[in-house]
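Number of protein chains: 4
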Amino acid sequence: MSSDAAGMRVTVWGENAHEQRDESVRAIYPDGMHETIARGLRAHLHPTAVVRTATLDQPSCGLDAATLEETDVLTWWGHIAHDRVDDAVVDAVCERVHRGMGLVVLHSGHWSKVFKKLMGTSCNLRWRSAEDRETVWTVDPAHPIAEGVPDGFVIESQEMYGEFFDIPRPDELVFISSFSGGEVFRSGSCFHRGYGRIFYFSPGDQEFPVYHHAVVQRVIANGVLWARRDSGVRASRYELERKDLGWLDAAGGQP
Amino acid sequence: MSSDAAGMRVTVWGENAHEQRDESVRAIYPDGMHETIARGLRAHLHPTAVVRTATLDQPSCGLDAATLEETDVLTWWGHIAHDRVDDAVVDAVCERVHRGMGLVVLHSGHWSKVFKKLMGTSCNLRWRSAEDRETVWTVDPAHPIAEGVPDGFVIESQEMYGEFFDIPRPDELVFISSFSGGEVFRSGSCFHRGYGRIFYFSPGDQEFPVYHHAVVQRVIANGVLWARRDSGVRASRYELERKDLGWLDAAGGQP
Amino acid sequence: MSSDAAGMRVTVWGENAHEQRDESVRAIYPDGMHETIARGLRAHLHPTAVVRTATLDQPSCGLDAATLEETDVLTWWGHIAHDRVDDAVVDAVCERVHRGMGLVVLHSGHWSKVFKKLMGTSCNLRWRSAEDRETVWTVDPAHPIAEGVPDGFVIESQEMYGEFFDIPRPDELVFISSFSGGEVFRSGSCFHRGYGRIFYFSPGDQEFPVYHHAVVQRVIANGVLWARRDSGVRASRYELERKDLGWLDAAGGQP
Amino acid sequence: MSSDAAGMRVTVWGENAHEQRDESVRAIYPDGMHETIARGLRAHLHPTAVVRTATLDQPSCGLDAATLEETDVLTWWGHIAHDRVDDAVVDAVCERVHRGMGLVVLHSGHWSKVFKKLMGTSCNLRWRSAEDRETVWTVDPAHPIAEGVPDGFVIESQEMYGEFFDIPRPDELVFISSFSGGEVFRSGSCFHRGYGRIFYFSPGDQEFPVYHHAVVQRVIANGVLWARRDSGVRASRYELERKDLGWLDAAGGQP
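Line order of the protein sequences matches chains A, B, C and D. With this note's numbering applied, the first sequence covers -15 to 239. With this note's numbering applied, the second sequence covers -15 to 239. With this note's numbering applied, the third sequence covers -15 to 239. With this note's numbering applied, the fourth sequence covers -15 to 239.
Since the hints were made in silico from the structure, they are not lab data. Predicted model only: the values in this text are computed from it and were never measured. Please note that a few of the clues may not be correct.
Calculated lysine-lysine pairs in the DSS-like style (CA-CA distance at most 30 Å, straight line) [to be verified]:
| hint | chain 1 | residue 1 | chain 2 | residue 2 |
| --- | --- | --- | --- | --- |
| 1 | A | K227 | B | K97 |
| 2 | D | K100 | C | K100 |
| 3 | D | K100 | C | K101 |
| 4 | B | K97 | A | K97 |
| 5 | D | K227 | C | K227 |
| 6 | B | K97 | A | K100 |
| 7 | C | K97 | D | K227 |
| 8 | D | K101 | C | K227 |
| 9 | D | K97 | C | K101 |
| 10 | A | K227 | B | K100 |
| 11 | A | K100 | B | K100 |
| 12 | B | K227 | A | K97 |
| 13 | C | K227 | D | K97 |
| 14 | A | K100 | B | K101 |
| 15 | A | K100 | B | K227 |
| 16 | C | K97 | D | K101 |
| 17 | A | K101 | B | K227 |
| 18 | A | K227 | B | K101 |
| 19 | B | K227 | A | K227 |
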């Protein structure tokens, strides 16, 4: 458990749609994928960290203003209901990321409105759901998200996500995966947007028990720790500002 | 003149609003800023390159489908009329960048709908219009856009753009500027989006004769050359694709 | 004070040559620059962190094997005696960085054997010692090293370091400075080498009281915190390894 | 054929040791690997480009001062005789890269003195010579080196190179490979050092006919084109320079 996480407030957002519809998914995640993800985080973070869940079927898609204001890091899993997330919620989440909230986007969250808006790209990729074997490799062992993670690890059964993955060049590339069909994927990548940090991690799917995998849980916890700002989320986002000559001195040399 | 530009088709887009309204701007740019920028490009590119202009007051904001389809690289200058650019035009420009069209965004174009959508950030900054002296420094002399550009050069009178500039971390940072007030700015930066390349260059303003500056013209020409794909703009953008196991072999090993 | 620093072992290495020779330097740093830097770190790090100093005039240049083995993060300041650092010490420091020791290189340390070897470039720059005013700007406010640091801050009297600074493109660029003469400098930049993290910070000089500056002390402390691996320095560096087919499974799926 | 290559002077350096010793290698590369590589380049570059070869067994390791001075881009393949390259030649090659010569490092050249010195890391990796199937994927289709290269392509029989590959974070990552054993490798990556550009491309081995592969030849040609500076190699490298206040104006605003 990390002392960095003392007092941290994490919200695990889950679409919670497959779980209502597909017996196969309920068999793997009887309490919902969000609960499994949340449980993994609670095991890795500090006892004083608070990990709650929120789901699409709740009022304001589970992310009303009060909930967002109490969230230091948000994790996001969605798949078949991206379009049902209100644009106002999308805007509020992006605005809070710009103010410094950490965001961890998981698997099919690559196609969420939130992620596509923050990336500025299509976030398209190649895919196949056919029980591929995925091997995840650490390519930046000096990165905080790689702490305690082996050089490589296997996920026996998994959906394939393959390149080209249409994202901006990652600020930091931590993991690359291969699949049974020979495909590769930049599976762990970091981005900065405004005052906020974003980690995308592709392993994880509703049809496979990936979120029960011990190393996957560790990586997600590391991502949450990395994405959190020690100095907290700012009260307002950065704005366009006119500054007269001499403003810096007028501000005592420290704006 | 560069042989790389043979047959290249460039469209210089200008908002052309200050020129209609402000005598001070007409005095510096009697034919419009777009014409000055286009003239600079014609002087640097290959004789067979075609440099045309397009302006906001034309039908489809000057960028109908046919014009876009005939454009290898688009340059963009806007300032007071960003909101008057139709969203459909914004979408078409971004879609064509994703397919491989080069985009060179100039100065106040940092706040255009097109640039903000492609960046995924606010693109806010600090600014002052008070005849600052700007010094532009090359920080990546190995970059193609720095070819033939001095280590540093002075623009005697200029609007100040200062950090924090809220953009994603540039894929490649080529120039950094300082100003009379001590501010700094990442003034030349490169981004990849899909199959397209984007160069942002901040020097240039309607109230100062910056686009008549010989080195500024050279940098913009270098940016246009860098942003152009030799293999042309693709017919369609990259899409989400399901790929069955064995698809790569079925495609003869080269999808 | 940061809980991240609990139990951290920092060694502040100082050349300690100007202090023996120049009255002007002793007037500013009566106990040596290394002591001032160490004091600043002690004020910012956790009470259980141990901050010691080491100097060139000590046996093994102050960095014998035992000292290095007990160092999680090393800070480096040198100027007129780079050549007097034994190559064996240089190799040992670089090898430990590759194994995960953090390294914070300060000011004229840009020309140390250690930094040049880790960068693979000349690390040359432009300079002037003429009481310039330096303004340091944060260009990546989401970076851990920028936590609690203002958007910009002034150092009233300082040596000028100007671009082009011949380093590899930084993995992460946190600060950019401007000077009275209009020069700019990438003053805070991050690199990964093997399992180790390196932070270079240029403010600081023997003729100016820069290491007494509160914000400078905060940045250096942030750099030390960022450079430290939670999982510690590894016992051995990464080696070239032959791996037969199936090695990953033989290793239980986690090498 | 690219007009960019008009008049370009390329030197293909080959260790030429396996070819003298191993019948198996001669069977694949009867004229030496360097000749195969050179032939591929001649087919892709402009008719006026001059592609010569140089080998370790020649005087000055094939790279005397005159040869280097007439080289715009150097390609490098070595494997079992890295230590036999004179340090003076290594220094001369690195110095010329710093002045702007392009460098394309191939396969086992990752362990050459030249590459390790320019990287500042161990350049270690995992490997296996067991007829793996390698699939190379384009992860930055907007990059010049990816022009005309398919999204992915297969090399049927190849040595495995696997992560962690101990290099600095690449400035630009163009290709990632997977192997039969599930390993991945950053197989095409770009670096800037001083005024020079470096491209590392891992496919290619003495025991497999990889340099006869049409797409591999195209990628190497693209790498050579990308690495060449239009403005040529500079007469001297960048040096540490003292600059008095006002030097920029004294230089007419353009140093």
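Each hint tested on the structure:
1. With a CA separation close to 24 Å, the supplied pair A/K227 and B/K97 stays within the 30 Å bound.
2. For the proposed pair D/K100 and C/K100, the alpha carbon gap of about 13 Å is at most 30 Å, so the pair holds.
3. Annotation: proposed proximity of D/K100 to C/K101 holds, straight-line Cα distance about 10 Å (limit 30 Å).
4. Annotation: proposed proximity of B/K97 to A/K97 holds, straight-line Cα distance about 18 Å (limit 30 Å).
5. A distance of roughly 53 Å separates the Cα atoms of D/K227 and C/K227; the hinted pair therefore is violated under the 30 Å criterion.
6. Proposed proximity of B/K97 and A/K100 is supported: the alpha carbons are some 16 Å apart, at most 30 Å.
7. Restraint check for C/K97 and D/K227: satisfied, since their Cα atoms lie roughly 24 Å apart, inside the 30 Å limit.
8. For the proposed pair D/K101 and C/K227, the alpha carbon gap of about 26 Å is at most 30 Å, so the pair holds.
9. Taken as a hint, the D/K97 and C/K101 pair is honoured in the structure, with Cα atoms around 13 Å apart against an allowance of 30 Å.
10. Between A/K227 and B/K100 the CA atoms are separated by roughly 22 Å; this keeps the pair inside 30 Å, and the hint holds.
11. For the suggested pair A/K100 and B/K100, the alpha carbons sit about 13 Å apart, so the restraint of at most 30 Å is met.
12. For the suggested pair B/K227 and A/K97, the alpha carbons sit about 24 Å apart, so the restraint of at most 30 Å is met.
13. Our distance criterion of 30 Å between C-alpha atoms is met by C/K227 and D/K97, whose separation comes to about 24 Å.
14. Distance check on the hinted pair: A/K100 and B/K101 sit about 10 Å apart at the alpha-carbon level, within 30 Å; holds.
15. Pair hint A/K100 plus B/K227 holds up; C-alpha atoms about 22 Å apart against a cutoff of 30 Å.
16. For the given pair, C/K97 sits about 13 Å from D/K101 by alpha-carbon distance, which is consistent with the 30 Å threshold.
17. A distance of roughly 26 Å separates the Cα atoms of A/K101 and B/K227; the hinted pair therefore holds under the 30 Å criterion.
18. For the proposed pair A/K227 and B/K101, the alpha carbon gap of about 26 Å is at most 30 Å, so the pair holds.
19. For the suggested pair B/K227 and A/K227, the alpha carbons sit about 53 Å apart, so the restraint of at most 30 Å is broken.
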